[in-house]
Amino acid sequence: MRATIETVELPSTCTEIYRKGEGPTLVLIQGGGTGKRAWYPIIDRIADRVHCLAFDNRGVGKGADIGDSLTIHDLAGDAAELIEWLGEGPVHVAGVSLGGMIAMRLASERPDLVKTLTLHSTTAKRNGRGQDAADFRMRILDLGLPVDVLRRFVALWSEGAAGLTWNIPDDVVNTESFDRHNYEMQMEAARGHHMSVEELNRITSPTLITVGSDDILTTPEDAKHLWRSIPGSRLIKVQGGGHGYYIDDPDLVAMLQAGWVAQHSHTP
Amino acid sequence: MTAQDLASIALPTLITVGSDDILTTPADAAHLHRSIAGSTLVTVEGAGHGHYLSDPDMIAILQAGWVHRNE
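Chains as they are written, first to last, in the working numbering: chain C, 1 to 268; chain R, 269 to 339.
Mixed in with the good hints there might be a few duds.
[Unchecked claim] One-sided excerpt, in silico: chain C residues whose CB lies under 10 Å from chain R:
#1 ARG49
#2 ASP135
#3 VAL197
#4 TRP227
#5 GLN239
#6 GLY240
[Unchecked claim] Here are some, though not all, of the chain R residues that point toward chain C, as calculated from beta-carbon distances under 10 Å:
#7 GLY314
#8 GLY316
#9 ASP325
#10 ARG337
Hint data in this document are derived by calculation from the structure and do not stem from the laboratory.
Even for Gly, the Cβ is constructed at its ideal location relative to N, Cα and C.
This is chain C alone, in the form it adopts within the complex (with noise of 0.2 Å):
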């Protein structure tokens, strides 16, 4: 099955775009420091069933470059103005990380766009081990360290407690192409990033969270509050996944992303 490669010029910003699939829609938001290129082991394993969209943020791979300051609300107009650039109404969205950040906030402020969401090792607000780990990345930096030990020290807070039991990405923290400001901004963002219950409450989507039970960022505490303030929606654990759970069980989180779409793309 061919895919598409497509630079996109939006009124707010500019991005690159992968498409691959037949199907319903699926937009796909990456994490903090990570390309779109991330998602595409789940995408070749559900593009027979499902048609499947995923950007660059801003600050990552083709995304265009951040300027002095950067929110979650930047980032969910981005992907607002990328669905509606598409043209074809209300489509499926899933987030992961502070790609979840995004999408929930997305779907909070323009539920007009979102038929479904799917938020995937996530978070209404960073705890503060999660803020912790972020001000410790960029002291790796102030440090001078290789990117590659920030890489690395990703990778350490994303595995089970089996380990690292898989290959980290190439762009999950690309070294070829990382860029400590646009890296910066992108953390303040989620440093910013707090959905209030009432905020939570108004996402109409139909929701389906998922978190590893190891996840110690984005807890499986974290995804409780996530799943008891917004309505409707349901909740999984997957039994010793860590944050990057994703990455490591492309199969699972691949047929319960796929079913969740499928579920909900039946015409009446």
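Start from chain C and add chain R according to the hints.
The following block gives chain R in isolation, referenced to the frame of chain C:
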């Protein structure tokens, strides 16, 4: 089934459990998961023992996805 019996299962195995199952508990499911090598365990939050009846949609997603994955 002893742990030895369970260890002899060499098939891809999906285990599901409701977080509120008081008959066959999440701890029981965790024992199966630990004993069947390479098994996958997913917990459906808020579900009880009859979650396959009360929530056929979620079971359908898991079951169809599992079959598709292992075809």
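Each hint, compared with the structure:
no.	hint	in the structure
1	ARG49	holds (9 Å)
2	ASP135	violated (31 Å)
3	VAL197	violated (17 Å)
4	TRP227	holds (6 Å)
5	GLN239	holds (4 Å)
6	GLY240	holds (8 Å)
7	GLY314	holds (7 Å)
8	GLY316	violated (15 Å)
9	ASP325	holds (6 Å)
10	ARG337	holds (5 Å)
Figure legend: structure checked against the earlier numbered hints; hints not met, in rising order: 2, 3 and 8.
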